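Enquirer: Each chain is listed here by its residues.
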Amino acid sequence: MAQLFDIAFLSGLIGATMRMATPIIYATLGEILAERAGVLNLGIEGIMLMGAMTGFLVTFSSGSLWLGVVAAAGVGMLLGLLMAFLSVHLGLSQHVSGLGITLFATGLAMFVYRLHFGSPTVPPIIHPFSQISLPFFSGIPLIGPGLFTQYSLTYFAWLLIPALSILLYKTNIGLKIRTVGENPVVADTVGVNVLLTRTLCLVVGGAFMGIGGAFLTLAHQNMFLIDVIGGRGWVAIAMVIFGNWDPFKGALGALIFGFLDGLQLRLQGLGIAVSFHIFLMIPYLLTIVALISVSRKASIPAALLKPYRREEKGG
Amino acid sequence: MIRLRIAKRKPLPPWARVIIPVMAIVVTLILSAIPILLAGGQLWRSYFYLFYGALGTRFNLLETFVKGSPLILTGLAVAFAFRAKFWNIGAEGQLLAGALMATVLGVHLGGVPRPFALPIIITAGFLAGGVWAVIPAVLKTKLNVDDVVSTLLLNYVMWHIMGALLFGPLQQPGSSWPRSAAIVEAARYPMLLPRSRFHMGIIISFIAVFIIWIINNKTTFGYRSKAVGVNIRAAHFGGINTTAVIVWTALISGGLAALAGVGELCAIQYRLIMDISPGYGYTGIVIAMLGNLHPVGVLFSALFFSVIIVGAQTMSRMTGVPTYIAEVIQGMALMVMLVFLLFTEYRIRVMRK
Numbered sequence: 001m002a003q004l005f006d007i008a009f010l011s012g013l014i015g016a017t018m019r020m021a022t023p024i025i026y027a028t029l030g031e032i033l034a035e036r037a038g039v040l041n042l043g044i045e046g047i048m049l050m051g052a053m054t055g056f057l058v059t060f061s062s063g064s065l066w067l068g069v070v071a072a073a074g075v076g077m078l079l080g081l082l083m084a085f086l087s088v089h090l091g092l093s094q095h096v097s098g099l100g101i102t103l104f105a106t107g108l109a110m111f112v113y114r115l116h117f118g119s120p121t122v123p124p125i126i127h128p129f130s131q132i133s134l135p136f137f138s139g140i141p142l143i144g145p146g147l148f149t150q151y152s153l154t155y156f157a158w159l160l161i162p163a164l165s166i167l168l169y170k171t172n173i174g175l176k177i178r179t180v181g182e183n184p185v186v187a188d189t190v191g192v193n194v195l196l197t198r199t200l201c202l203v204v205g206g207a208f209m210g211i212g213g214a215f216l217t218l219a220h221q222n223m224f225l226i227d228v229i230g231g232r233g234w235v236a237i238a239m240v241i242f243g244n245w246d247p248f249k250g251a252l253g254a255l256i257f258g259f260l261d262g263l264q265l266r267l268q269g270l271g272i273a274v275s276f277h278i279f280l281m282i283p284y285l286l287t288i289v290a291l292i293s294v295s296r297k298a299s300i301p302a303a304l305l306k307p308y309r310r311e312e313k314g315g
Numbered sequence: 001m002i003r004l005r006i007a008k009r010k011p012l013p014p015w016a017r018v019i020i021p022v023m024a025i026v027v028t029l030i031l032s033a034i035p036i037l038l039a040g041g042q043l044w045r046s047y048f049y050l051f052y053g054a055l056g057t058r059f060n061l062l063e064t065f066v067k068g069s070p071l072i073l074t075g076l077a078v079a080f081a082f083r084a085k086f087w088n089i090g091a092e093g094q095l096l097a098g099a100l101m102a103t104v105l106g107v108h109l110g111g112v113p114r115p116f117a118l119p120i121i122i123t124a125g126f127l128a129g130g131v132w133a134v135i136p137a138v139l140k141t142k143l144n145v146d147d148v149v150s151t152l153l154l155n156y157v158m159w160h161i162m163g164a165l166l167f168g169p170l171q172q173p174g175s176s177w178p179r180s181a182a183i184v185e186a187a188r189y190p191m192l193l194p195r196s197r198f199h200m201g202i203i204i205s206f207i208a209v210f211i212i213w214i215i216n217n218k219t220t221f222g223y224r225s226k227a228v229g230v231n232i233r234a235a236h237f238g239g240i241n242t243t244a245v246i247v248w249t250a251l252i253s254g255g256l257a258a259l260a261g262v263g264e265l266c267a268i269q270y271r272l273i274m275d276i277s278p279g280y281g282y283t284g285i286v287i288a289m290l291g292n293l294h295p296v297g298v299l300f301s302a303l304f305f306s307v308i309i310v311g312a313q314t315m316s317r318m319t320g321v322p323t324y325i326a327e328v329i330q331g332m333a334l335m336v337m338l339v340f341l342l343f344t345e346y347r348i349r350v351m352r353k
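Chains B and Z, in that order, give the protein sequences.
Throughout the first sequence, residue numbering follows this note's numbering, covering 1 to 315 in sequence.
Throughout the second sequence, residue numbering follows this note's numbering, covering 1 to 353 in sequence.
Worth flagging that the hints you see were computed from the coordinates, not collected in a lab.
Predicted model, so just to flag it, every value in this text is computed and none were measured.
There may be inaccurate statements among the hints.
Chain Z stretches covered by chain B per the calculated footprint, using a threshold of three residues with CB under 8 Å from any CB of chain B [what the hints assert, rightly or not]:
1) 133 to 147
2) 164 to 173
3) 292 to 303
4) 326 to 334
The calculated lysine-lysine pairs, modelled on BS3-like cross-linking and capped at a C-alpha distance of 27 Å, are [to be verified]:
5) Z/8 to Z/85
6) Z/85 to Z/142
7) B/249 to Z/226
8) Z/142 to B/306
9) B/170 to B/306
10) Z/8 to Z/142
11) B/306 to Z/85
12) Z/85 to Z/218
13) B/306 to B/176
14) Z/226 to Z/85
15) Z/8 to B/306
16) Z/226 to Z/142
17) B/249 to B/306
18) B/176 to B/249
19) B/306 to Z/226
We put the beta carbon where it would ideally sit given N, CA and C, even for glycine.
Only chain Z is shown next, with the shape it has when bound in the complex:
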């Protein structure tokens, strides 16, 4: 019989924190060969189109940033919450809350010039998602309700709120489909590069990475938030108001996820539809883990994921491997990364007896 022996090891040097995610990605890509081969794809051709489809032409490269933008934001949202051990599985619902708020404002802000309309929409969207995340944070801190379960359930509540509104007051007049009217011109994100969808929201997501890095490393709040995550009791006895820290962390986390929804609405779809998000909120969880909860790590893992998602389209067209290969690779990436993270803290010896 084989037994695994797991023992604590000394902390690894800093370079390991970069090497380990890279190794995890390499191992994931090697493992992806199994589903690709099962689907009858030729291996090298498939990998070639996977990367060519995402990086090979100017349009595809810019499209990778377009897809990456919501993933960066939801990844940041989850990473920021997880760092404080606020288990926010609700980025999906918070994203929808942001998109919903942007729709309500975007449809009705006719006549307001763009320099005013966009800041209003972005701020209100951020707050909508933030408040939606504060609810489970308050339930957790005041009433001891498990945050994993409550954030998860609230995703479905928000989805049904959206559905009720899209079949009701928000429905496009004359339409029988659950979709809203288009938002006004002033509420749309400007496009920054010609002949592409490279929009302002991409810049916003990069700025968000920078701001979260500043908060984490240069502010007292970032320090407190981390202290709560490492040991909430010690933080409490050290004089930190842990309830306030968790609630503020939730507000920022939910707001970040909501910005992803605002971006998808104001730069891509221009009108609210039921499938405005193909699960960006859930993918954000994987991205946060793969990025080791570090904002820069999140940036790179989100871009890696968007390479997979965008590239899978071309790969599927050229080789016939279903596009859902992207989801399979994402799930494997998370599990491989988990195992690799274990190596950073523990030594594993396989023992036979």
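Same shape as in the complex, but just chain B:
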């Protein structure tokens, strides 16, 4: 047990926590943006998978990791746009449109992958992102090496959290987004384009989700496996509720999830005989418990799940 309190172990655990939290932070932030504007995007799981596949495919073909990230963001935007067309412009059920996008995108991701690579016995690999040690910071004892030797995509995720928070709470655009999510009739009356705002939030949110997926195939791993997302999109949906639609609290939830995921990996590495299935179950159970405690005081955007149609104003 002494190994558990070993400095190397602790530092490794911090690093693993940050890594495992990164894709969920991206996805959670993307979902917060969409839901703040009043749209629940259940397409998230499929969008992440398409992002993971596209990022991998583009990097494999072009040799450029950053081109892969950009492509993943682009494909996320396209799927966000499709979600906007179905749920915002046609006003279809957000639940069902989102699930439809997830099913469609999941099928498409596997289809395109097979189309391009066939069924190789050894999965093709790329040379993934390497971790960057920030000078000075990574020298901080105990926490430094874990926190500040990370992938650049992880650093970006950290920057994205305050950026989204400032956008939502401190800017005019954020005020418009929140008004659209709380009371679209009022937003419309004061001249905010409700449909356009929702569309843009879904598109930008989709880009975050795509990048979150690409992190898994371009940094965390170096190959694309069909179950690479493994429910992380659904976890992000739960983290949004857990975090009360706030970027910082949502990211905190993602960190807790990343910690458990990282701890599980580390304990396995030490050969401690805990069934990894039991460990991987914990985050889902914790999330459900969190949902129970949060749902009582949830500050859910008032217009979430409600399509907006001018003709039905006041109805």
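With chain B fixed as given, assemble chain Z onto it according to the hints.
Expert: Below, chain Z without anything else, positioned relative to chain B:
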């Protein structure tokens, strides 16, 4: 700039409820030409093998029913829950719960004659899935926890429970793979037609369609369940115990999904493996929507999907189009159907300005 104007329309005549899903399927098949062509498949040859592979020979036709059976059950499960606006995305986990229960009993029921063993397994499996669905129903009604999220998360919890058991107490002795021992002979569904896998579970799924139709249309519970789905507040003020209705709806829904798992275990696999279900629970959502949440609609859309899934195998072998085309078609079918359903309630006019 083009704007879409959407306005309510008068209810369509009853024949439209049949025509619209058929049109949605036709449009989906037309759209499927895009991925088929991208994959380099010749169009007519591909469509021919898609349908020949599913319907062309006796064995393939019966195989389409074999694949259809779990899809009918998960589709019914989702449709029954959605009708009451209990958003059960958890059919996958409930299916696994049923398969897990059937494994535990099936491995240990040696010595019990089949006429006793099968009813026990089916009932226990049904209840296992039902109880697994009741958990989110109680969370929803008592603690106000969103059912979409909780049912989704519980799928992963059940998957990991299954994994922990398959690496633990349920693991086949001597095996290093996550798989259980085979279930005893008495726990296996009888095969009904020679030289095929046409098993008792297929009959069970057809009976389930009939029973759900009876519940929906001929019983007070079916009426109440629908009333809760249409307007839960009005149902509450009308004197309906909405909590009880949602919990019972969840129990039946979860039980139906579990029967799919029991069938896959007792008629196809005979032992529990991690990939006992290739996402039947999620496909059930699409089937329920395509079937317009009506049991007969579910029956036909499940059979249509199984044609696509079974046919895609032959198509892939003959033309080289990846079998995942089946998933792409399913996803497109759902979205096309959604758009078509919109036409039943609204008129859409494209306006330029």
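Enquirer: Work down the list of hints and note, for each, if the structure agrees.
Expert: Hint check results:
no.: 1; hint: 133 to 147; result: holds (count 5)
no.: 2; hint: 164 to 173; result: holds (count 3)
no.: 3; hint: 292 to 303; result: violated (count 0)
no.: 4; hint: 326 to 334; result: holds (count 8)
no.: 5; hint: Z/8 to Z/85; result: 22 Å, holds
no.: 6; hint: Z/85 to Z/142; result: 16 Å, holds
no.: 7; hint: B/249 to Z/226; result: 38 Å, violated
no.: 8; hint: Z/142 to B/306; result: 23 Å, holds
no.: 9; hint: B/170 to B/306; result: 26 Å, holds
no.: 10; hint: Z/8 to Z/142; result: 35 Å, violated
no.: 11; hint: B/306 to Z/85; result: 15 Å, holds
no.: 12; hint: Z/85 to Z/218; result: 20 Å, holds
no.: 13; hint: B/306 to B/176; result: 17 Å, holds
no.: 14; hint: Z/226 to Z/85; result: 9 Å, holds
no.: 15; hint: Z/8 to B/306; result: 16 Å, holds
no.: 16; hint: Z/226 to Z/142; result: 20 Å, holds
no.: 17; hint: B/249 to B/306; result: 25 Å, holds
no.: 18; hint: B/176 to B/249; result: 22 Å, holds
no.: 19; hint: B/306 to Z/226; result: 21 Å, holds
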